[in-house]
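Q: One letter stands for each residue in the lines below.
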Amino acid sequence: MSLKKTDVLLKIRDLKIQGYSDETWVDIIKGVDLTLHRGEVMGLIGESGAGKSTIGAAAMGYARDGTRIVEGSSIEFDGIELTTSTEGEKRALRGSRIAYVAQSAAASFNPAHKLIDQHTEAPVQYRIKKRLEAQEDAIELYERLRLPNPGEIGFRYPHQVSGGQLQRAMTAMAMSCRPDLIIFDEPTTALDVTTQIEVLAAIRDIVDQFNTAAIYITHDLAVVAQMADTIKVLLKGEEVEEAPTDQMLENPQEDYTKSLWAVRSFTSPQKHRPTDGTPPLISVKNVDASYSNGPKILDDVSFDIYEGMTVAVVGESGSGKSTTARVITGLLPPSEGEVLFKGEPFPAYYKDRSKDQLRQCQMIYQMADTALNPKVQISEIIGRPAQFYSGLKGTALKTRVDELLDLIELEPSKYYNRYPPELSGGQKQRIGIARALAAEPSFIVCDEVTSALDQLVAEGILRLLDRLQNELNLAYMFITHDLATVRSIADEVVVMQNGQVVEQGPKDDMFTPPHHPYTDLLLSSVPEMDPNWLTTLLEERGVDNIGDAAAAKIDPDDDKVEGTQA
Amino acid sequence: MGDILTLVGKRLGLGLIILLVISLIIFFMVELLPGDIAQAVLGQSATPENLAALRREMGLDQPAIVRYLAWLSEAITLDFGSSIVTDARVTEIIGERFMNTLFLAAYAAVIAVPVSIILGVIVALLRNSIFDRVANVISLSFISSPEFFLGYILILYFAVKWGMFPAIASLSEGMTFLELLQRTFLPALTLVLVVMAHMMRMTRAAIINLLASPYIEMARLKGAPPWKVIVKHALPNAWAPIINVVALNLAYLITGVVLVEVVFVYPGIGQALVDAVSKRDFPVVQACCLIFAATFILLNLAADVGAILTNPRLRHPK
Amino acid sequence: MVFVILYFALLLLLSCGAAYYNQRSAFLLLFSLTLVSLVLAIIGGIPALRFVAIAAGMLLAAGMMSYAFREFLTALASDEMAKELRTAPLTAAFGMFVIFIVAVMGIFAPAIAPHGEAEIISQAFAPPDNNMLLGADQLGRDMFSRIIYGARNTVALALCGTVLAFILGAMAGLLAATKGGFFDGTMGRIADVIMSIPSLIFALLMLSIFGGSLAAPSTSAWLLFGFAVIVGTLFLAAAAYSVLSWIIGAAIVVGVSFAFALAFTSVFDASEVILILVVAVIYSPRVFRLTRAVAGNVVVMDYIEAAKLRGEKNWYLIRREILPNSTAPLVAEFGLEFCFVFLLIAGLSFLGLGIQPPTADWGSMVRENATLISFGEITPLIPAAAIALLTVAVNFVVDWMLHRSSGLKE
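Chains as they are written, first to last, in the numbering used here: chain A, 1 to 566; chain Y, 1 to 318; chain C, 1 to 410.
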């Protein structure tokens with residue numbers, strides 16, 4: 001990918017965008033400059049609220065409902081000033097010279113039309129191609145993007161096609177007029193890792209083939225490292241720094257960027273199962289489960305969790321990891337098999353469990369927003385379990401709540417009377433942890449507790465959980481799809497696919513080959529910071545042995561294979 | 001297509017069951033009458049002999065379930081027995097009136113449906129502008145006004161002060177169609193005003209909801225001109241909500257028609273129902289209620305079936 | 001002629017002023033008013049213009065009144081409430097003002113009304129004079145006094161009907177959302193059936209059987225008792241968790257229901273009780289549907305799951321977790337239901353099947369004086385306008401509340 005530095009395609013100067021909230025206009029983008037050359041791919045990265053997506057839309061001269069571009073900003077596309085051009089002029093660029101790929105392809109394709117009709121809409125409208133030519137071109141693009149059945153897939157409706165395929169079809173649609181610039185707005189965020197890799201490979205390939213310039217918006221550093229020539233880091237509507245990818249990865253200048261780049265430094269030392277024959281704290285035995293006579297979601301799942309240890313359950317969406325948690329907590333009684341607590345059977349349905357049994361097993365949720373009642377004060381959220389299980393009242397209750405707030409490193413006097421919406425994401429997650437601790441449990445299910453959080457905050461939560469485990473001798477079941485989290489906190493790992501456990505064992509064993517083929521696929525699909533990672537991987541595995549295609553070939557009973565990555 | 005047929009079939013079946021349950025309610029509600037129908041007909045001063053005779057005549061000595069089945073099987077053939085006040089056949093009393101009511105409702109619907117949908121779409125496109133706000137206030141005012149308020153205002157101005165239309169919408173033999181339209185204009189207009197406000201607001205909400213979907217933004221970002229965004233991208237997905245809005249409001253028309261008929265002394269079924277209620281003429285009340293409920297259910301059914309038929313996800317199953 | 005010149009001069013001056021100060025929407029409004037007046041002046045002449053001028057003047061007066069009332073409320077309210085109130089549009093302030101006036105009228109009716117509710121003081125249809133602000137009705141009673149009393153009677157009935165519909169519907173909805181399963185399904189089916197009969201028609205059916213002038217006090221008391229027992233059972237189903245609590249609860253429910261029926265029948269007469277029950281039965285399924293939907297959105301939240309797993313009982317879930325998160329839409333829905341109930345009662349009274357004479361009531365007053373319309377008198381329109389005004393007022397307030405709660409979500 002060579003850059004022709006002379007040929008500037010997009011020049012944004014002093015871009016300011018305001019959003020309307022609480023009856024006033026608030027600055028969202030506070031003066032950002034951006035220069036993009038022909039054929040260059042620029043990665044825009046930042047945490048939620050950084051304004052990446054807003055800048056992406058602004059590059060098309062588009063302000064979403066409730067936002068406006070402030071006067072004095074300049075967006076110049078190939079010599080055309082977009083802030084002063086008419087709607088008609090801007091419209092003539094959209095679709096033909098600047099195209100857009102949205103985050104959720106499933107929602108962004110019109111459900112009422114076939115894929116190919118939506119694909120040919122722009123070329124036909126701009127009289128670039130006749131309908132039939134455009135269709136042939138679409139089929140060719142589908143082929144280049146390695147969609148299965150390229151000749152036929154376009155004649156389906158959006159709901160008949162899977163998410164990863166839709167995302168590629170949308171990339172093909174963006175390519176239909178061979179634009180100079182494509183805006184990719186988090187195109188793989190909603191996808192599983194094994195699917196993501198296919199889409200990434202396809203996007204990179206096609207952008208390269210047609211030498212299209214692109215703005216690639218994402219919050220995932222490893223992804224942007226694969227895709228972009230230059231990286232621009234944003235924070236709260238302002239630019240932090242910009243540099244070519246290699247330079248940015250090796251030698252970031254700003255503290256903020258360094259903190260993002262820092263590889264997870266935190267690793268909890270691995271603990272091992274007790275050898276004295278004490279029964280496991282929680283033991284899942286040959287569990288089958290399904291939702292109201294639907295298809296089987298869990299198929300013969302068994303694993304043990306010992307006191308004071310962390311078991312990470314890993315798998316993609318639909319693998320049954322959350323369903324397993326629901327079986328353990330008693331929300332979904334299994335159709336076969338049982339759950340044992342310290343060797344004694346646990347009643348299958350939570351309503352049949354005694355107060356003490358319920359107390360033993362607590363839960364921390366992924367979305368702290370929905371996990372805490374917004375209309376209840378922190379003191380009551382944390383105090384209620386203490387009151388409910390231990391019967392604490394008055395000053396004893398207040399002391400206990402203060403103690404718990406201390407434990408999660410929040411100043412009691414400051415947070416006692418506040419409501420959840422007043423807190424930040426990390427603070428809310430801490431309150432969720434405190435609520436679980438208030439019950440004095442021996443076992444906590446952590447359901448994707450860090451995946452909705454920004455990286456630094458997430459690490460703080462992991463450290464806190466680890467400290468609490470050591471102090472209170474807690475056992476965790478850690479549900480996650482993020483292998484970095486597994487590396488830092490797990491003692492044992494359970495890998496699930498399609499409702500079955502494909503592999504389980506101590507963490508050290510799991511991250512060294514040989515792997516089960518699915519574990520291997522999962523491990524190898526997780527993007528790494530190395531900019532050549534995707535290239536190397538494609539060379540090693542081959543384009544046809546990644547993603548859904550590869551996952552489909554795997555039989556859960558396969559033998560272990562020597563992995564390519566560790 | 002098989003899926004759609006099963007869905008439609010299920011929906012039709014459900015509608016039938018609901019209608020059946022409603023016929024049960026309508027029939028057995030009257031059984032709850034303190035005393036019984038015979039008592040209600042003859043009043044407190046009736047002698048036991050007269051009561052017994054009337055009961056036998058009306059078949060009240062048989063168990064309720066037998067009478068229900070007889071009533072239902074006759075009702076299916078549109079025979080609702082005879083009035084207990086005038087002895088006339090119920091079908092004769094309400095038959096022609098029902099057609100009149102249908103005419104009035106259709107008259108109002110023909111004006112209201114296209115106008116309000118177009119207005120609703122326009123207001124949705126101009127949302128948050130001053131016109132939108134004014135339209136909001138005006139439509140809220142119309143929704144809040146009872147039908148008789150609007151009706152009497154129209155009578156006061158159009159009939160009494162300006163003499164453009166008759167205040168009483170009486171029908172007579174041998175009227176030309178134009179005369180008919182002119183005579184029934186004011187009641188139709190009253191209905192139009194009320195229903196239009198509802199329909200416009202609902203259309204507006206449905207369209208705004210639709211315009212917020214990501215695929216509309218995508219169409220805009222593909223450079224589609226505004227008319228194409230509406231016609232090609234929004235409209236094919238808007239049928240279900242619009243059909244729903246229309247059906248709901250036609251159903252609403254049915255209720256509104258009762259009051260309007262009374263205001264304009266229009267010889268419709270609503271007028272007959274009100275008379276029958278005040279005279280406690282139960283066979284007529286039951287017949288009218290069953291007809292109103294059946295029409296109401298039919299319209300809701302049509303809306304649901306329409307929504308199923310226009311849903312692309314169902315039309316093209318995986 | 002002077003009036004016409006002044007009229008157009010003022011409008012043009014105002015529109016030019018608006019245009020000069022870049023008040024786009026004000027300008028558009030004023031100038032379109034100018035154009036409309038021009039057309040009207042040609043068609044209808046000076047009277048039409050006068051009409052427009054009076055209407056505009058009334059709008060302006062209403063606007064100023066609403067503005068002043070909003071400022072008044074803001075000054076009285078606590079800081080947090082004041083902040084909310086400041087965001088209220090003028091229409092909502094107008095609505096609150098009207099509701100306030102009607103409330104005062106209703107509560108202090110005997111003190112405000114110059115004459116008694118059923119007092120005949122002159123001959124039929126006597127024109128307005130110093131003694132009777134709006135003239136007399138068809139029996140020679142003072143219209144003005146009857147409108148004041150009507151505010152009390154009609155609104156009180158509608159309010160009671162709405163409250164009963166709300167208690168039944170909301171309780172069933174909350175319970176259905178919390179319990180789910182069979183109970184939820186059955187309740188949903190029952191609501192479906194009741195809602196597939198048009199409300200006015202269902203009301204007429206029920207009134208033909210129980211209501212009107214033939215309503216018996218004993219029947220109405222028994223029906224009230226039955227209604228109260230159903231509501232009580234719902235409460236019991238939510239709160240009781242052991243056989244003993246069921247037994248004690250049942251005893252309390254029966255007692256309370258009995259007291260409730262007695263109290264109600266002593267305040268309202270039989271036909272009014274029937275009317276209240278009829279609207280409560282008709283509108284509770286609507287409340288049920290909405291509450292079920294609102295609570296359904298809350299029930300799927302993780303904090304509800306957390307509370308269930310803690311072992312909390314239904315009653316705690318409803319009271320502490322679900323209700324606090326459903327109040328905003330439920331309050332708005334209460335306003336909306338009140339409008340429906342109010343219009344239904346007014347309609348029934350207009351048909352002569354609702355509130356029975358000699359009780360003063362807005363709906364039946366329209367019917368009783370309807371003949372005056374054909375003489376070009378607007379007297380019968382006044383109670384009708386009162387109905388419309390109160391409904392519009394409530395709708396304006398509800399519209400603002402709905403807008404606010406939907407704005408919070410985004």
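Hints are supplied without guarantee of correctness; some may be wrong.
In silico lysine-lysine, DSS-like type, Cα no more than 25 Å apart, as pairs [unchecked claim]:
| no. | chain 1 | residue 1 | chain 2 | residue 2 |
| --- | --- | --- | --- | --- |
| 1 | A | K90 | Y | K232 |
| 2 | Y | K232 | A | K114 |
| 3 | C | K179 | A | K342 |
| 4 | A | K130 | Y | K279 |
| 5 | C | K83 | A | K351 |
| 6 | Y | K161 | A | K129 |
| 7 | A | K351 | A | K414 |
| 8 | A | K236 | A | K11 |
| 9 | C | K313 | A | K398 |
| 10 | C | K313 | A | K393 |
| 11 | Y | K228 | A | K129 |
| 12 | C | K83 | A | K375 |
| 13 | A | K414 | A | K355 |
| 14 | A | K114 | Y | K279 |
To give an idea of the chain C side of the interface with chain Y (calculated C-beta under 8 Å), a few residues [to be verified]:
| no. | residue |
| --- | --- |
| 15 | G44 |
| 16 | S199 |
| 17 | L204 |
| 18 | M206 |
| 19 | L351 |
| 20 | S405 |
Going by beta-carbon spacing under 10 Å, a handful of chain C positions derived as facing chain A [to be verified]:
| no. | residue |
| --- | --- |
| 21 | A240 |
| 22 | R286 |
| 23 | L290 |
| 24 | G296 |
| 25 | V298 |
| 26 | E305 |
| 27 | A307 |
| 28 | W315 |
| 29 | R320 |
| 30 | E321 |
| 31 | L323 |
| 32 | E368 |
Just so you know, these hints were derived from the structure itself, not from any lab. All residues carry an ideal CB built from backbone N, CA and C; glycine is no exception.
Q: All hints are to be evaluated individually against the structure, with a verdict given for each.
A: Hints and how they fare:
no. : hint             : result
1   : A:K90 to Y:K232  : holds (20 Å)
2   : Y:K232 to A:K114 : holds (12 Å)
3   : C:K179 to A:K342 : violated (31 Å)
4   : A:K130 to Y:K279 : violated (73 Å)
5   : C:K83 to A:K351  : violated (44 Å)
6   : Y:K161 to A:K129 : violated (65 Å)
7   : A:K351 to A:K414 : violated (36 Å)
8   : A:K236 to A:K11  : holds (21 Å)
9   : C:K313 to A:K398 : holds (24 Å)
10  : C:K313 to A:K393 : holds (19 Å)
11  : Y:K228 to A:K129 : holds (19 Å)
12  : C:K83 to A:K375  : holds (19 Å)
13  : A:K414 to A:K355 : violated (32 Å)
14  : A:K114 to Y:K279 : violated (61 Å)
15  : G44              : violated (10 Å)
16  : S199             : holds (7 Å)
17  : L204             : holds (5 Å)
18  : M206             : holds (7 Å)
19  : L351             : holds (5 Å)
20  : S405             : violated (15 Å)
21  : A240             : violated (15 Å)
22  : R286             : violated (25 Å)
23  : L290             : violated (19 Å)
24  : G296             : violated (14 Å)
25  : V298             : holds (9 Å)
26  : E305             : holds (7 Å)
27  : A307             : holds (8 Å)
28  : W315             : violated (14 Å)
29  : R320             : holds (7 Å)
30  : E321             : holds (6 Å)
31  : L323             : holds (9 Å)
32  : E368             : violated (48 Å)
Comparing the model with each numbered hint stated earlier shows that hints 3, 4, 5, 6, 7, 13, 14, 15, 20, 21, 22, 23, 24, 28 and 32 do not hold.
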